[in-house]
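Trainee: Residues per chain are reported as follows:
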Amino acid sequence: MKIEYVRTTCPYCGCGCEMLLETVDGRITQTLPSKTNPMNQGKLCIKGWNVHEFVQSPQRLTMPLLKKDGVLQEVSWDEALNFTASRLQEIKAKHGGDSMAFLSSAKCSNEENYLFQKFCRVGFGTNNVDHCARL
Amino acid sequence: MTNSIPEIEDADCIFIIGSNTSVAHPLIASRIYKAKAKGAKVIVADPRRIHVTSVADIHVRQKLGSDVALINGIMNVILSKGLHDKAFIEERTEGFEKLEQTLKNYPPEKASEITGVSTEDIEKIAIAFASSDKSTILYAMGITQHSHGVDNVKSLANLSMLTGKIGKPSCGVNPLRGQNNVQGACDMGGLPNVYPAYQVVTDENNRKKFEQLWNTQLSSKVGFTIMEMMHGLEDGSIKGMVILGENPAGSDPDVKHVKHALEEAEFLAVIDIFLTDTAKIADVVFPGASFAEKDGTFSNTERNVLRIRKAVNPPGEARPDWQIICDISTRFGLPMTYESPEKIFEEIALVTPSYAGLSYARLENGPIPWPCPSKDHPGTPILHKDRFTRGRGLFHALEYRPPEELADEEFPILLTTGRFFPHYHTGTMTHNSITLENEMSEGYIEIHPYDAKDVGLTSGENCKIVSRRGEVITKAVVTDIVEPGTIFMSFHFMEANANVLTNPALDPICKIPEYKVCAVRVEKLEETNTPEIKAAANA
Numbered sequence: 001m002k003i004e005y006v007r008t009t010c011p012y013c014g015c016g017c018e019m020l021l022e023t024v025d026g027r028i029t030q031t032l033p034s035k036t037n038p039m040n041q042g043k044l045c046i047k048g049w050n051v052h053e054f055v056q057s058p059q060r061l062t063m064p065l066l067k068k069d070g071v072l073q074e075v076s077w078d079e080a081l082n083f084t085a086s087r088l089q090e091i092k093a094k095h096g097g098d099s100m101a102f103l104s105s106a107k108c109s110n111e112e113n114y115l116f117q118k119f120c121r122v123g124f125g126t127n128n129v130d131h132c133a134r135l
Numbered sequence: 001m002t003n004s005i006p007e008i009e010d011a012d013c014i015f016i017i018g019s020n021t022s023v024a025h026p027l028i029a030s031r032i033y034k035a036k037a038k039g040a041k042v043i044v045a046d047p048r049r050i051h052v053t054s055v056a057d058i059h060v061r062q063k064l065g066s067d068v069a070l071i072n073g074i075m076n077v078i079l080s081k082g083l084h085d086k087a088f089i090e091e092r093t094e095g096f097e098k099l100e101q102t103l104k105n106y107p108p109e110k111a112s113e114i115t116g117v118s119t120e121d122i123e124k125i126a127i128a129f130a131s132s133d134k135s136t137i138l139y140a141m142g143i144t145q146h147s148h149g150v151d152n153v154k155s156l157a158n159l160s161m162l163t164g165k166i167g168k169p170s171c172g173v174n175p176l177r178g179q180n181n182v183q184g185a186c187d188m189g190g191l192p193n194v195y196p197a198y199q200v201v202t203d204e205n206n207r208k209k210f211e212q213l214w215n216t217q218l219s220s221k222v223g224f225t226i227m228e229m230m231h232g233l234e235d236g237s238i239k240g241m242v243i244l245g246e247n248p249a250g251s252d253p254d255v256k257h258v259k260h261a262l263e264e265a266e267f268l269a270v271i272d273i274f275l276t277d278t279a280k281i282a283d284v285v286f287p288g289a290s291f292a293e294k295d296g297t298f299s300n301t302e303r304n305v306l307r308i309r310k311a312v313n314p315p316g317e318a319r320p321d322w323q324i325i326c327d328i329s330t331r332f333g334l335p336m337t338y339e340s341p342e343k344i345f346e347e348i349a350l351v352t353p354s355y356a357g358l359s360y361a362r363l364e365n366g367p368i369p370w371p372c373p374s375k376d377h378p379g380t381p382i383l384h385k386d387r388f389t390r391g392r393g394l395f396h397a398l399e400y401r402p403p404e405e406l407a408d409e410e411f412p413i414l415l416t417t418g419r420f421f422p423h424y425h426t427g428t429m430t431h432n433s434i435t436l437e438n439e440m441s442e443g444y445i446e447i448h449p450y451d452a453k454d455v456g457l458t459s460g461e462n463c464k465i466v467s468r469r470g471e472v473i474t475k476a477v478v479t480d481i482v483e484p485g486t487i488f489m490s491f492h493f494m495e496a497n498a499n500v501l502t503n504p505a506l507d508p509i510c511k512i513p514e515y516k517v518c519a520v521r522v523e524k525l526e527e528t529n530t531p532e533i534k535a536a537a538n539a
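Just so you know, the sequences run in chain order U and S.
Each residue of the first sequence is one higher than the one before, counting from 1 in my numbering.
Each residue of the second sequence is one higher than the one before, counting from 1 in my numbering.
Since the hints were made in silico from the structure, they are not lab data.
Chain U side only, calculated, beta carbon under 10 Å to chain S, not exhaustive: (1) L44; (2) E53; (3) L61; (4) T84; (5) L88; (6) C108.
Rough simulated footprint, nothing fancy, chain S against chain U, three-plus residues with beta-carbon under 8 Å: (7) 21-31; (8) 66-75.
Each computed EDC-like pair below joins lysine to aspartate or glutamate, with the alpha-carbon atoms no more than 16 Å apart: (9) U:K67 / U:E79; (10) S:K221 / S:E211; (11) S:K310 / U:D25; (12) U:K67 / S:E263; (13) S:K343 / S:D295; (14) U:K68 / S:D283; (15) S:K98 / S:E399; (16) S:K310 / U:E22; (17) U:K67 / S:D277; (18) S:K280 / U:E74; (19) U:K94 / S:E266; (20) S:K511 / S:E404; (21) S:K221 / U:D98; (22) U:K67 / S:E264; (23) S:K63 / S:E483; (24) U:K68 / S:E266; (25) U:K67 / U:D78; (26) S:K464 / S:D454; (27) S:K280 / U:D69; (28) S:K259 / S:E495; (29) U:K67 / S:D283; (30) U:K67 / S:E266; (31) S:K310 / U:E4; (32) S:K310 / S:E364; (33) S:K134 / S:D10.
From the three backbone atoms N, C-alpha and C, an ideal C-beta is built for every residue, glycine too.
Given only the sequences and the hints, what does the whole structure look like? Please build it.
Mentor: Okay, structure coming up:
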């Protein structure tokens with residue numbers, strides 16, 4: 001049995017509580033608050049204590065989905081990526097980059113947000129990128 | 001936030017306005033309780049009798065959307081009693097004369113008439129805030145989600161500068177941000193008018209810099225905001241959309257309209273960890289990784305940059321979102337080959353002056369607050385210490401403007417929205433958490449006993465809420481947490497979503513919708529009132 005504790009940051013509100021995810025053989029068994037972080041000082045809220053539950057929910061998406069005959073169906077990464085790339089190329093060629101819009105995410109990492117806006121601005125020559133900060 | 005979270009504990013006066021702190025930011029609320037125990041005065045301005053009012057020295061219930069009048073009234077008293085910080089105003093600010101002129105129109109009597117707050121309370125708040133040594137302001141979406149949200153925020157900045165309570169420990173103007181990385185998403189340029197670190201796209205020098213860095217040609221035109229994108233889908237100017245980890249079909253105002261707009265898209269791609277209402281509409285859905293399944297950084301509400309670290313593998317064939325973006329981009333014809341999030345972060349530090357001194361190696365020792373301009377810089381917990389970003393702090397002379405939608409004969413009650421303690425936003429994460437779902441699996445409205453009596457409603461009965469946009473059916477809880485004439489509802493439950501009802505009226509400057517005020521009608525619904533619901537309500 002392999003037990004590990006991984007120090008990370010809570011994904012819920014903007015407090016930024018640090019936490020330890022306890023894993024046993026590659027599965028998270030519980031969430032513990034970081035006692036050394038000056039922000040949360042060994043405490044978490046009810047959402048933080050139970051954060052591993054949604055991570056391991058059976059409802060998680062595990063495969064790319066593509067709409068065929070009006071129904072989303074599991075497909076391979078290759079099929080989903082090729083379909084997406086060709087649709088994006090078609091729209092850009094036919095209507096120009098300003099006809100695309102990109103919604104970035106306050107739930108994703110800095111690295112992901114950076115790449116996403118770069119993809120929008122460089123790939124399509126448009127500044128049509130926003131996220132839920134104003135919502 | 002201009003200041004750090006731990007500083008709240010040492011404040012002498014905490015003014016909380018439009019923040020249900022114990023529900024939305026529990027670990028910040030615990031700092032308020034500690035400050036209170038050390039003798040701080042706690043002032044809460046909130047239309048609802050929220051939990052944090054239990055430690056408040058003063059709680060006022062301003063009418064929905066009347067914040068500018070309330071703050072102007074408070075500032076009027078501060079001036080008339082000579083409690084303003086004359087030296088700070090002289091040395092650090094400009095525009096004071098205009099503000100002084102406008103504030104003459106807001107004597108306590110006038111402010112009281114608009115806000116419903118007594119003149120005595122307005123005076124008490126003014127004296128407590130201005131005469132305490134360390135006074136801090138905490139606010140959240142109760143301030144921003146209005147058609148005059150920008151005015152509300154500027155009014156709080158006015159109050160802080162007028163009393164010289166900024167740029168010092170345990171003071172400042174402190175927005176409590178609702179999402180873990182809303183700060184970071186803004187810092188990284190996930191906005192239509194700025195590149196990373198708020199470098200505006202219309203400035204030629206900025207544009208040239210990024211064109212060189214990214215080896216490309218960039219647009220000088222400010223892009224669409226989220227609500228403009230939705231309109232664009234409907235009028236045909238936007239043809240396709242890529243959505244990363246967001247659920248606008250649940251979270252935007254007037255969701256019926258938003259869903260219709262998304263359905264109009266010629267192409268819609270969604271990257272998410274669950275099949276959200278938005279993903280259900282998409283043409284293609286990519287399974288992303290949760291925070292526990294990837295490396296990276298978040299920037300919290302106090303501007304601290306924090307590491308997230310991979311603990312487990314994503315389920316099935318799901319991939320980290322950064323990898324998905326690289327995969328799509330590369331196949332599209334714009335090759336993106338980053339070995340790891342750390343490599344991406346190195347590029348971020350290169351193009352983002354406020355992150356220039358940050359690296360994974362440094363963050364290993366704990367979070368660092370930006371601005372951190374160089375490798376030997378310790379980070380900046382307190383902003384505006386010696387000067388404001390623009391030099392002098394600018395006062396804005398602002399007049400009160402009423403909300404876009406007021407109660408009338410057809411829609412006699414005002415609806416306001418917010419969160420409940422076990423849930424989060426549209427519930428994509430919390431409804432998939434058994435413990436949290438067991439705490440609360442069904443939404444409800446809070447309605448005052450007077451209004452409930454008018455409609456003939458008792459706690460646990462079902463009712464129909466109707467606005468100009470749509471209608472929802474949900475349970476009623478009769479309580480004086482809300483004032484007469486006001487009901488409260490959350491946006492956590494997709495089957496009875498407040499955003500079917502909310503008003504998409506926007507602030508003219510920042511385009512935030514008016515989630516916090518719209519006019520509705522409450523109707524009793526006898527036929528669907530089951531014994532089970534009654535039992536649940538009584539439990």
